[in-house]
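Colleague: Below, each chain spelled out in residue letters.
There are 2 protein chains.
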Amino acid sequence: MISIVIVGKGNVATHLYHAFFKVDAFIVTQINSRTLENIPKADITIIAVSDDVIAEVSSKIKNDFVVHTSGSVAMNSLKNKQRKGVFYMLQTFSKDKIVDFSKVPFCLEAENKQDYQLLEKLANSIGKKIYSINSMQRKKLHVAAVFVNNFTNHLYKIGNDICKKNNISFDILKPLIQETALKIEQLSPEKAQTGPAIRNDKRTIKNHLNLLDKNQQKIYKILTKSIQNEN
Amino acid sequence: MISIVIVGKGNVATHLYHAFFKVDAFIVTQINSRTLENIPKADITIIAVSDDVIAEVSSKIKNDFVVHTSGSVAMNSLKNKQRKGVFYMLQTFSKDKIVDFSKVPFCLEAENKQDYQLLEKLANSIGKKIYSINSMQRKKLHVAAVFVNNFTNHLYKIGNDICKKNNISFDILKPLIQETALKIEQLSPEKAQTGPAIRNDKRTIKNHLNLLDKNQQKIYKILTKSIQNEN
Chain A
88 MISIVIVGKG
98 NVATHLYHAF
108 FKVDAFIVTQ
118 INSRTLENIP
128 KADITIIAVS
138 DDVIAEVSSK
148 IKNDFVVHTS
158 GSVAMNSLKN
168 KQRKGVFYML
178 QTFSKDKIVD
188 FSKVPFCLEA
198 ENKQDYQLLE
208 KLANSIGKKI
218 YSINSMQRKK
228 LHVAAVFVNN
238 FTNHLYKIGN
248 DICKKNNISF
258 DILKPLIQET
268 ALKIEQLSPE
278 KAQTGPAIRN
288 DKRTIKNHLN
298 LLDKNQQKIY
308 KILTKSIQNE
318 N
Chain B
88 MISIVIVGKG
98 NVATHLYHAF
108 FKVDAFIVTQ
118 INSRTLENIP
128 KADITIIAVS
138 DDVIAEVSSK
148 IKNDFVVHTS
158 GSVAMNSLKN
168 KQRKGVFYML
178 QTFSKDKIVD
188 FSKVPFCLEA
198 ENKQDYQLLE
208 KLANSIGKKI
218 YSINSMQRKK
228 LHVAAVFVNN
238 FTNHLYKIGN
248 DICKKNNISF
258 DILKPLIQET
268 ALKIEQLSPE
278 KAQTGPAIRN
288 DKRTIKNHLN
298 LLDKNQQKIY
308 KILTKSIQNE
318 N
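Residue numbers (my numbering), protein chains in the order written: chain A, 88 to 318; chain B, 88 to 318.
The set of hints was computed from the structure by calculation and includes no laboratory data. The C-beta atom is built at its ideal place from N, Cα and C for all residues, glycine as well. Be aware that a few hints might be false.
[Claimed, not checked] Examples of chain B residues toward chain A, derived with CB under 10 Å: (1) 108; (2) 203; (3) 239.
[Said to hold, decoys possible] List time: in silico DSSO-like cross-link candidates among lysine-lysine, alpha-carbon distance up to 27 Å: (4) B:301 with A:312; (5) B:216 with A:182; (6) A:278 with B:293; (7) A:312 with B:147; (8) A:200 with A:182; (9) A:200 with A:190.
[Stated by the list, open to error] Not everything, but these chain B residues come out facing chain A in the computed CB check (under 7 Å): (10) 110; (11) 247; (12) 251; (13) 253; (14) 265; (15) 315.
Can you make the complete structure from the sequences, with help from the hints?
Modeller: See the structure below:
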């Protein structure tokens, strides 16, 4: 039997709790980060709280092995006295949506091999995609995620803005959006690149710029330059 | 019976030919744009050639109703003497990949109602998503597509670059990329926006900028500003 305590009541904590609960070899308890006085002993304590309270919460935990679940906090930001680790799942968790853990990438880090293997065991019991990622790599991964998630979504918004302004249904663009995302499952983004920028089609680029507002023009120019590698 | 001639031997022309060929009510012929002397008479002639030769090819066609399939060429760029129209499918066509026409948005334009209805009949016989889009709207749609396809793919490339440089598998980001695209099927991009920019989390933004090269920093800053609406 492996005993697990999950600290936190948010989406990550709750989804993890339900997933571990189904595994026969685990005994899992979920506690609120405000009731740390009564924390049970456990083989592993998983802190799933917001980034800015991880240090404080961890400083109050006396259990042997404590990990957090954050993408942007270093392992040594944990302030417990004993062993440390990270159990980071790179995926957005929504409250009401069932999580398919078989598709979630688990990014694991620990101070020693034995602890790493325990994290691996936990991840393997509910998921399939497991990666060893140290704190520096995790930081980089987090900023890469901003590009492919936050910034990509903003480009969708610009597409939507252009449609709205011209009485065009945004639905027309949705199949293209899905295909663009699916394409990189087979092809590297470098090979998947198409469009006027990579063709250096100056006439189309000029025509496009004339159709855009000032802010859109700035973004169009800088991304076109970046595609053309004129840094 | 409706008779159709398709001019061109590229991906769009060939996929369309095969799709129309299966419809009992159509007689369809595909011809090379270099053999326009022998063009058969037809109810509709579809020019599916590259943008810069549409005017020239159309000028040589004597058939009554001529349409092109381009996203970025105006209807009146057609130089045939009689009626004109546009039969534009907003999707990328690859040579070896089967096209699911039921998911392809058809953007149609014609000079009169009867011709428009013929285009609609053609589109309905192989597809489901049909939109009336005039030449100005189609231009705007084309530039919107550059944002959600070409530029989005470039953001994937930046994500991949960051991963490569730090010995991280790009596979870790792929589920997030798929989810980001799927999210806007349910939620507007405006409502789907997350991340440090929209939260105005200055500390994370500063940390991220320190991890990037000059070109990535420029893109990060301009997209962050745009998300924060500081145009």
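Colleague: All the hints need checking, so say for each whether the structure fits it.
Modeller: To see whether the hints hold, each was checked on the structure:
| no. | hint | verdict |
| --- | --- | --- |
| 1 | 108 | violated (23 Å) |
| 2 | 203 | violated (17 Å) |
| 3 | 239 | holds (5 Å) |
| 4 | B:301 with A:312 | holds (13 Å) |
| 5 | B:216 with A:182 | violated (33 Å) |
| 6 | A:278 with B:293 | violated (31 Å) |
| 7 | A:312 with B:147 | violated (38 Å) |
| 8 | A:200 with A:182 | violated (34 Å) |
| 9 | A:200 with A:190 | holds (25 Å) |
| 10 | 110 | violated (22 Å) |
| 11 | 247 | holds (5 Å) |
| 12 | 251 | violated (10 Å) |
| 13 | 253 | holds (4 Å) |
| 14 | 265 | holds (5 Å) |
| 15 | 315 | violated (10 Å) |
Against the hints set out earlier in the document, violations occur for numbers 1, 2, 5, 6, 7, 8, 10, 12 and 15.
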